[in-house]
Amino acid sequence: MNRRVYLDHNASTQVHPEVVAAMLPYFGERFGNPSSVHAFGQEAREGLEIAREQISHFLGVGKDEVIFTSGGTESDNLAVKGVAWARGTGHIITSEIEHHAVLRTCQFLEGQGFAVTYLPVDGEGLVDPDDVRRAIRPDTILITIMHANSEVGTVQPVEAIGPIARERGIPFHVDGVQTFGKIPIDLDRFRIDLLSFSSHKIYGPKGVAGLYVRKGTKMVAVQHGGEHERRRRAGTENVPAIVGFGKAVEIRAREMGAEALRLTALRNKLWAGIGARVPEVRLNGHPTRRLPGTLNMCFRNVESESIVLGLDLKGVGVSAGSACTSGNVEPSYVLVAMGVPLDWAMGSVRATLGRENTEEDIDYVLEVLPPLVERIRSLSPTAVS
Amino acid sequence: MNYSQRLIDHFRNPRNAGMMRDPDGVGEGNFDGCGDLARFSLKVVDGRVSDVRFQTYGCGPTIAASSAGSELAIGRPVSELLALSEQQVTAAVDGLPDERLHAAQVVAGAIRAAARDYLARRNTQNRSEVRPHV
Numbered sequence: 058m059n060r061r062v063y064l065d066h067n068a069s070t071q072v073h074p075e076v077v078a079a080m081l082p083y084f085g086e087r088f089g090n091p092s093s094v095h096a097f098g099q100e101a102r103e104g105l106e107i108a109r110e111q112i113s114h115f116l117g118v119g120k121d122e123v124i125f126t127s128g129g130t131e132s133d134n135l136a137v138k139g140v141a142w143a144r145g146t147g148h149i150i151t152s153e154i155e156h157h158a159v160l161r162t163c164q165f166l167e168g169q170g171f172a173v174t175y176l177p178v179d180g181e182g183l184v185d186p187d188d189v190r191r192a193i194r195p196d197t198i199l200i201t202i203m204h205a206n207s208e209v210g211t212v213q214p215v216e217a218i219g220p221i222a223r224e225r226g227i228p229f230h231v232d233g234v235q236t237f238g239k240i241p242i243d244l245d246r247f248r249i250d251l252l253s254f255s256s257h258k259i260y261g262p263k264g265v266a267g268l269y270v271r272k273g274t275k276m277v278a279v280q281h282g283g284e285h286e287r288r289r290r291a292g293t294e295n296v297p298a299i300v301g302f303g304k305a306v307e308i309r310a311r312e313m314g315a316e317a318l319r320l321t322a323l324r325n326k327l328w329a330g331i332g333a334r335v336p337e338v339r340l341n342g343h344p345t346r347r348l349p350g351t352l353n354m355c356f357r358n359v360e361s362e363s364i365v366l367g368l369d370l371k372g373v374g375v376s377a378g379s380a381c382t383s384g385n386v387e388p389s390y391v392l393v394a395m396g397v398p399l400d401w402a403m404g405s406v407r408a409t410l411g412r413e414n415t416e417e418d419i420d421y422v423l424e425v426l427p428p429l430v431e432r433i434r435s436l437s438p439t440a441v442s
Numbered sequence: 004m005n006y007s008q009r010l011i012d013h014f015r016n017p018r019n020a021g022m023m024r025d026p027d028g029v030g031e032g033n034f035d036g037c038g039d040l041a042r043f044s045l046k047v048v049d050g051r052v053s054d055v056r057f058q059t060y061g062c063g064p065t066i067a068a069s070s071a072g073s074e075l076a077i078g079r080p081v082s083e084l085l086a087l088s089e090q091q092v093t094a095a096v097d098g099l100p101d102e103r104l105h106a107a108q109v110v111a112g113a114i115r116a117a118a119r120d121y122l123a124r125r126n127t128q129n130r131s132e133v134r135p136h137v
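Protein chains in written order, with the working numbering: chain A, 58 to 442; chain B, 4 to 137.
Hints are not guaranteed to be accurate.
Here chain A is said to cover these stretches of chain B; the calculated rule only asks that three of the stretch's residues, wherever they fall, bring their Cβ under 8 angstroms from a Cβ of chain A [unchecked claim]:
id: 1; stretch: 8–18
id: 2; stretch: 32–40
With the Cβ distance kept under 7 angstroms, some of the chain B side facing chain A (calculated, not the full set) [what the hints assert, rightly or not]:
id: 3; residue: M23
id: 4; residue: G61
id: 5; residue: C62
id: 6; residue: G63
Keep in mind that the hints were calculated from the coordinates and are not lab data. Built from N, CA and C at the ideal position, the CB exists for glycine as well.
Work the whole structure out from these sequences, hints included.
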């Protein structure tokens with residue numbers, strides 16, 4: 058039996074056992090609807106409000122500034138559409154490497170008459186704050202830039218972009234799905250007005266996320282119905298998941314600092330090992346301004362899905378940068394925006410580490426990956442022999 | 004991705020991979036959509052394929068289909084390979100997911116091209132052999 062090594066934590070994570078334990082009563086005796094006035098409802102309400110307290114405490118914000126949603130995608134949609142629709146018209150600034158939840162929402166809004174500027178990034182995936190400044194127009198209504206990119210892990214200079222937005226009185230939304238609970242986010246110092254953050258990237262359950270909205274930020278609801286979440290997000294709250302999310306955040310508060318150091322060391326060991334054993338490989342993303350557990354690399358003249366499959370057969374879960382759908386391989390739009398040449402971009406592989414990974418896991422990957430790449434290259438007519 | 008055991012086996016242990024010295028026919032198949040490329044080389048004895056080698060750049064299924072395609076080709080009359088279909092290659096790996104059908108397309112195309120190349124070379128050879136007598 059092969060060893061099993063999960064290296065896809067930017068996709069999703071295993072729910073922490075303490076989180077599972079915290080959730081269980083809310084599937085059982087605490088099953089009520091938190092909007093109900095009776096004791097059953099109020100017991101559920103209590104769980105909801107404890108979670109809101111845990112999360113607002115972690116972020117250092119008011120409880121009424123946190124909205125629960127169904128996921129990072131909904132949080133991004135609510136932030137971008139909610140702010141845009143509150144104004145009705147205007148110009149939005151974003152980057153070319155945002156998550157699709159932001160990119161496609163912006164494209165949708167363009168169809169409604171909004172103007173959008175998609176800022177380029179440099180070779181390491183960084184947005185230049187001066188580009189943001191130059192892109193601002195009198196009718197700019199929103200700046201939305203991700204904190205860290207899920208594919209390459211580059212951490213954007215949001216601390217430099219936020220003050221530029223604030224100076225001009227423009228709301229600043231940050232998609233923090235990949236950084237929340239992994240690296241510090243100082244909402245006041247970074248001048249962030251809206252922050253999307255998610256549960257299942259930090260050992261909480263799927264189907265729940267949050268949106269921080271700074272008091273005074275003009276934003277309309279996107280989903281209408283009842284009075285939930287102070288009328289900003291209608292729909293009965295997913296109480297067990299929210300309770301689990303709160304617990305996951307509480308655990309992150311005590312674990313994230315040490316884990317960031319440990320994962321950075323493991324990630325660097327993995328990259329150093331691969332660099333020493335495999336020819337024609339390059340690192341994607343910023344060498345240091347990068348998520349602790351994220352390693353994205355390109356193997357030249359190898360198609361990334363063949364590596365993903367080969368590693369999967371060895372029990373190792375990583376993800377491919379290029380995605381093949383209906384016979385069309387799209388090289389990652391993030392790598393394309395970063396200017397990675399096509400013969401490299403097709404062979405991009407992402408390994409993202411998390412709390413359960415060990416030195417032994419890394420040793421195992423270093424044992425199975427180099428011969429796999431060598432074997433696949435040996436089959437290829439394009440390989441340099 | 005749900006791949007058959009047979010496909011996985013071909014991916015893990017590709018048969019007939021590599022280059023061939025003095026092939027009797029060489030053909031390539033590619034797929035513009037994703038840059039997949041397969042090159043097949045044939046040895047032919049008495050009109051039948053006696054040996055095959057392939058070199059392939061592509062995803063796991065394309066590598067596996069190349070291996071399975073090489074086994075399909077060995078021992079067959081070249082004339083049959085001219086009409087080798089994607090379906091035959093797909094069947095040789097016990098099926099492909101819809102979004103990976105191009106793997107069979109690339110491989111069948113490469114084998115048909117190698118068969119055509121063999122026949123073209125043979126015709127040229129025959130002509131050059133008979134020319135002195137004309």
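Legend entry - Hints not upheld, ascending by number: The structure conflicts with hint 3 only, although it agrees with all the remaining ones.
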